[in-house]
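A.B. asks: All chains, full assembly: derive it from the sequences and hints.
In order, the protein sequences belong to chains A and B. Everything in the first sequence is counted per our numbering, starting at 1 for the first residue and increasing by one. Everything in the second sequence is counted per our numbering, starting at 1 for the first residue and increasing by one.
By construction, these hints were calculated from the structure, which means they are not laboratory data. Errors might be hidden in some of the hints.
Copies of the same chain look alike in the list, so a pair counts if it works inside one copy or between any two.
Stated by the list, open to error - Below, computed lysine-lysine pairings styled on DSS-like, alpha-carbon distance capped at 25 Å:
#: 1; residue 1: Lys-281; residue 2: Lys-427
#: 2; residue 1: Lys-39; residue 2: Lys-373
#: 3; residue 1: Lys-373; residue 2: Lys-36
#: 4; residue 1: Lys-66; residue 2: Lys-319
#: 5; residue 1: Lys-36; residue 2: Lys-286
#: 6; residue 1: Lys-238; residue 2: Lys-39
#: 7; residue 1: Lys-66; residue 2: Lys-39
#: 8; residue 1: Lys-319; residue 2: Lys-427
#: 9; residue 1: Lys-286; residue 2: Lys-427
Number of protein chains: 2
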Amino acid sequence: MVPVTSSTQPLTDLAPDQLAERLSAAQADYQDLQAKGLKLDLTRGKPGADQLDLSQGLLGLPTTNKDRSGADVRNYGGLEGLAEMREIFADLLSVDTARVIAGGNSSLTMMYQVVTWLLSHGGPDSPRPWAQEDTVKFVCPVPGYDRHFTMLAELGIEMVTVPMREDGPDVRAVRALVADDPQVKGMWLVPTYANPTGSVTSTEVAAELMAMPTAAPDFRILWDNAYAVHHLTDVETKSADALGLASASGNPNRPIMFASTSKITFAGAGVAALAASPENKEWFLKRLSYASIGPDKVNQLRHVEFFGDAEGIRAHMRKHRDLIAPKFAAVEDALTARLDGLGIATWSRPIGGYFVDLNVLDGTAARVVQLAKEAGIALTPAGSAFPHGDDPDDRNIRLAPTFPALAEVETAMAGVAVCVELAAAEKLAADG
Amino acid sequence: MVPVTSSTQPLTDLAPDQLAERLSAAQADYQDLQAKGLKLDLTRGKPGADQLDLSQGLLGLPTTNKDRSGADVRNYGGLEGLAEMREIFADLLSVDTARVIAGGNSSLTMMYQVVTWLLSHGGPDSPRPWAQEDTVKFVCPVPGYDRHFTMLAELGIEMVTVPMREDGPDVRAVRALVADDPQVKGMWLVPTYANPTGSVTSTEVAAELMAMPTAAPDFRILWDNAYAVHHLTDVETKSADALGLASASGNPNRPIMFASTSKITFAGAGVAALAASPENKEWFLKRLSYASIGPDKVNQLRHVEFFGDAEGIRAHMRKHRDLIAPKFAAVEDALTARLDGLGIATWSRPIGGYFVDLNVLDGTAARVVQLAKEAGIALTPAGSAFPHGDDPDDRNIRLAPTFPALAEVETAMAGVAVCVELAAAEKLAADG
Chain A
1 MVPVTSSTQP LTDLAPDQLA ERLSAAQADY QDLQAKGLKL DLTRGKPGAD QLDLSQGLLG
61 LPTTNKDRSG ADVRNYGGLE GLAEMREIFA DLLSVDTARV IAGGNSSLTM MYQVVTWLLS
121 HGGPDSPRPW AQEDTVKFVC PVPGYDRHFT MLAELGIEMV TVPMREDGPD VRAVRALVAD
181 DPQVKGMWLV PTYANPTGSV TSTEVAAELM AMPTAAPDFR ILWDNAYAVH HLTDVETKSA
241 DALGLASASG NPNRPIMFAS TSKITFAGAG VAALAASPEN KEWFLKRLSY ASIGPDKVNQ
301 LRHVEFFGDA EGIRAHMRKH RDLIAPKFAA VEDALTARLD GLGIATWSRP IGGYFVDLNV
361 LDGTAARVVQ LAKEAGIALT PAGSAFPHGD DPDDRNIRLA PTFPALAEVE TAMAGVAVCV
421 ELAAAEKLAA DG
Chain B
1 MVPVTSSTQP LTDLAPDQLA ERLSAAQADY QDLQAKGLKL DLTRGKPGAD QLDLSQGLLG
61 LPTTNKDRSG ADVRNYGGLE GLAEMREIFA DLLSVDTARV IAGGNSSLTM MYQVVTWLLS
121 HGGPDSPRPW AQEDTVKFVC PVPGYDRHFT MLAELGIEMV TVPMREDGPD VRAVRALVAD
181 DPQVKGMWLV PTYANPTGSV TSTEVAAELM AMPTAAPDFR ILWDNAYAVH HLTDVETKSA
241 DALGLASASG NPNRPIMFAS TSKITFAGAG VAALAASPEN KEWFLKRLSY ASIGPDKVNQ
301 LRHVEFFGDA EGIRAHMRKH RDLIAPKFAA VEDALTARLD GLGIATWSRP IGGYFVDLNV
361 LDGTAARVVQ LAKEAGIALT PAGSAFPHGD DPDDRNIRLA PTFPALAEVE TAMAGVAVCV
421 ELAAAEKLAA DG
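C.D. replies: This is the structure in structure tokens:
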């Protein structure tokens, strides 16, 4: 194992000779790390095989061909998904079943559809298709989910950032962006256990976001509740009621909510869902009707039979928690053991979701990722939690500890901590 | 049963009093038909429950979590689909596996993606995104598939029609449309057992389509081979080699091929595929990477295990044939029994696919559908096989006999024949 440093004096306070000593010790530790010949991967928020095994029972299901209404799930049709699947999502998301559409295997696909259809057709309250505007901009809380940002870049949408905080996005910053600029048409938000910060958007923040004045009459908040039930402790935080708050504020069409079972059952073979106002839902289904005859209802029924109801999913998520909470604890332990008190890193202690958000000394994130790579530890590229991969402070690193085995997380994170210290010591020494 | 007429003299040759007598007999038969209180549906090309039952074994599969490469099919990733699934499609479509992408549950969705991405980004050989052209037009062989046409209308693409013939679209008409007009960017084609005519596009016609000069440098033929292996006789017609012909003509990017197992296994829960040139495939996967993390690989492996290989699918399709060929024979028998020789209807005798294409006396198709409806027999709306639902001759009706039970097909089609004759007699009598 990598030796734990005895001193916890901030590196920034060290005299030059102390710093040189520290750098040299870190270099020696890094050489030891490289000598291990590791090959570990903390890049993606993927469930581990043991988590997937929890849903193995899906593979013998369904035991019947008919849904509750008597329709044959094997045949075409049923664009909004099975009523019983929609009910389960409605319960998990605390919305009316009537608001929910159950779809295919990817909520990302549903988000992409929403954005492309806003561009090509506009929403029910749009003066014109978004593509006919000179410019379309989205508010992006950062750090955030890389696929949200790459999607917007692909579709020619500009991104303006606001800080993500403990209780959600910085509302004052959001207000300032949306109040006067009608080109600001939308906003991403992962409300619960945000990717990667783990933040939970409070009801107060959500209420402000749903009520705030926007220059665009058709402003949308894409409420990606990917981790709604992905608790890491026995505090099972409830998401803010986006649809209810929006409706109460007279902006019922503002939020569109997304969720999926990707990190509940099988990451590639789950069921996705969308929930929205009646107008938004009708609009979405109308567009969808030209692109699909219906979702995979067999897979929906498979999920319904497996879980029975939303409580079945909640119980199932506790089994996930038991498997992955120790991995998050290992991240915390490794970072604390080496970096606590050194003044060169801060990190999140998430109570849900899939990530630990690590902020290293400004200007060293890319170096940390490079060092880790050269020691056989793959990390998400520095900056990937920012639009266009550009972290202006070069300090943010997203850690994804669920996929590797616990022992691998321990080994990898001890190594990452060495890289964080080495990069910091290098920089401080160079800056003199 | 509806009595079969004894005369086969063309109705158009009858003297006014003979015609009046004939009208009155048809009216009486129609009253008898209405008295039956039928409730039958020949509207959609859906497999029957007995056909779906052929694939019931899918529901216990897969028996392993790993694909051939060792990847866990339950997790994220694998955007182009499982190699072993792609191999099966490649064999069925007679293309290289390297050309194939295996996707989700809907080839319609893949077609929609191709068209929207051509609009938003253009193809690899496009001077600019199609959406930046003043007008985009598609050549549509008619009668054709209604969902092809409604998709184009939704996306703001104009449609110009050409006649569909026994050996495929009228190539001379297609050539005339595409040669000089760079706004004509694409064309639909169901090459094998076309919806609804049952036509099979010959190699000669396909070769001309792939080689013909087009004013648009990025002309696309969307080659929807939905019924490639859906033979109704023991003649297992092979589709023309669109990719090979296009490549040989120096137009490798012209065709994009689609197929699915929707009418092989489960209509809502099958696997779709796309095959195209390397450039087109790379272009599609690049766009797709922003909208999806990967297809449902569990369902792909389920299909691979169930069939083993392409020969497994061919053998499976013979079981489908045994179930549905009698229904097509019932359509033929009912139409022949009542309408043969009357000079008021012609119809296809398909050797594959899902439809019978019925052409009634000009100006009477809508009336036939209305009469049938009032007798409890639901038919596809007249004109639905034409862009914007507009059949200029009001004569085409698409019959879909697979979903109802055989006895229902017999009853419904005897009724349809009555309606065809009654509508014709009404019109001829009124025209005097």
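A.B. asks: Now tell me if each hint is right for this structure.
C.D. replies: Evaluation of the provided hints:
no.: 1; hint: Lys-281 <-> Lys-427; result: neither (52 Å within a copy, 45 Å between copies)
no.: 2; hint: Lys-39 <-> Lys-373; result: within (9 Å within a copy, 68 Å between copies)
no.: 3; hint: Lys-373 <-> Lys-36; result: within (13 Å within a copy, 77 Å between copies)
no.: 4; hint: Lys-66 <-> Lys-319; result: between (30 Å within a copy, 23 Å between copies)
no.: 5; hint: Lys-36 <-> Lys-286; result: neither (57 Å within a copy, 37 Å between copies)
no.: 6; hint: Lys-238 <-> Lys-39; result: neither (38 Å within a copy, 49 Å between copies)
no.: 7; hint: Lys-66 <-> Lys-39; result: between (47 Å within a copy, 21 Å between copies)
no.: 8; hint: Lys-319 <-> Lys-427; result: neither (43 Å within a copy, 71 Å between copies)
no.: 9; hint: Lys-286 <-> Lys-427; result: neither (56 Å within a copy, 38 Å between copies)
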